[in-house]
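*Asks:* Work out the full structure: start from the sequences and follow the hints.
Anchor point for the sequence shown: position 264 equals 264 in full-length UniProt numbering, and the numbering is continuous, going up by one each time.
Be aware that one or more of the hints could be misleading.
Mimicking EDC-like on lysine to aspartate or glutamate, the simulated pairs with C-alpha atoms at most 20 Å apart in a straight line are [as the list claims (entries may be wrong)]: (1) Lys223 <-> Glu207; (2) Lys261 <-> Asp185; (3) Lys193 <-> Asp169; (4) Lys171 <-> Glu211; (5) Lys275 <-> Glu293.
Don't read these hints as lab results, they were simulated from the structure.
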Amino acid sequence: MTNIDEKMEMEHKYLSVNGLNLHIAQIGKDTQGTVVFLHGFPEIWYSWRYQMVAVAKAGYRAIAPDWRGYGLSDQPQDPQNAAREHLISDLLGILDALSIPKAFLVAKDFGAYPAYFFALLHPDRTCGVVSIGMIYSAVPSTYDQLPEGFYIKRWQEPGRAEADFGRYDVKRVVRTIYILFSRSDLPIAPEGKEIMDLADLSTPLPEWFTEEDLSVYASLYEKNGFTYPLQIPYRVRSIKGMNLPSDPTIRVPVLLIQGEKDYIYKLPGRYEAVKEGIMKNNVPDLEIAFIPEGCHFAQEQFPDQVNQLIISFIRGHAVRA
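*Replies:* This is how it looks when you write it as structure tokens:
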């Protein structure tokens with residue numbers, strides 16, 4: 001595993017993008033090209049610490065932004081107006097601000113949606129996409145057949161997650177989410193319970209996630225809180241403000257790294273999309289790599305294996321300016 005002390009080599013800077021100051025971490029020279037890492041929830045740039053060092057050593061420039069409202073990036077004043085298309089626009093703005101003509105995108109969780117749609121809208125700016133555990137589908141997901149206590153259904157309700165989270169300090173909230181999301185079972189609260197009740201302080205952290213790691217996450221969530229971060233993954237589900245092409249086919253190379261113990265893999269349609277090849281209908285240049293014990297945070301759980309898969313993929317698709 002990569003020595004965590006190597007994160008100290010990271011350069012941190014702010015970019016003015018779409019009226020916000022967006023924080024990025026970066027490391028390495030773009031001898032071979034640029035790789036942009038896009039986090040999910042409840043993550044921040046730091047969740048890619050191992051991958052960034054690895055691709056930098058392989059000759060690439062690694063960049064990991066905090067999405068708007070996350071980590072050290074500005075939080076918009078109007079969280080109710082959050083939209084997924086803002087993330088696509090921010091990603092384009094980051095590449096433009098850094099004069100990067102074309103990049104590989106590595107993403108997970110909700111970060112995979114702007115990555116996929118950026119590749120759909122801007123194939124000339126995209127060398128390829130690596131997704132950790134998130135499929136691409138031209139049809140929006142539905143959770144109608146899942147119980148009322150399913151965490152996404154709960155957190156879609158305005159104010160419910162905030163009230164649930166507000167019972168505890170930020171560190172306890174991040175701790176609980178990491179514990180729940182690293183399991184293979186879908187987080188579902190029984191009647192009369194909230195999602196935060198599904199783990200307590202006696203529940204150990206995953207062995208690959210330290211108290212130091214937890215403190216880094218908590219310190220950044222203390223800056224912005226959870227109200228804006230909850231909007232994009234859970235309350236804003238579709239892209240409405242952009243002219244998407246009539247053909248939803250992604251034409252750039254895509255690598256899906258699928259942890260087979262990732263609870264997301266149990267959502268309706270996910271197994272079929274991966275195992276039965278349905279995703280390939282809209283992603284003809286698709287590779288799939290399985291990590292049998294991989295959970296939702298495979299890039300932190302098995303960093304060396306994930307690093308090797310990413311580097312092999314990006315080396316196999318040399319940058320074409």
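*Asks:* Straight-line Cα separation of Lys193 and Asp169 no greater than 20 Å?
*Replies:* Status holds; Cα separation ~18 Å.
*Asks:* Take a quick look at whether Lys261 and Asp185 sit within 20 Å of each other, Cα to Cα.
*Replies:* 8 Å, holds
*Asks:* Lys171 and Glu211: Cα distance at most 20 Å?
*Replies:* 10 Å, holds
*Asks:* Does Glu293 sit within 20 Å of Lys275, going by the straight-line distance between their CA atoms?
*Replies:* 16 Å, holds
*Asks:* For Lys223 and Glu207, compute the direct alpha-carbon distance and say whether it is at most 20 Å.
*Replies:* The given pair, whose Cα atoms are some 27 Å apart, is violated under the 20 Å limit.
Hint 1 from the earlier list is the only one contradicted by this structure; the remaining hints agree with it.
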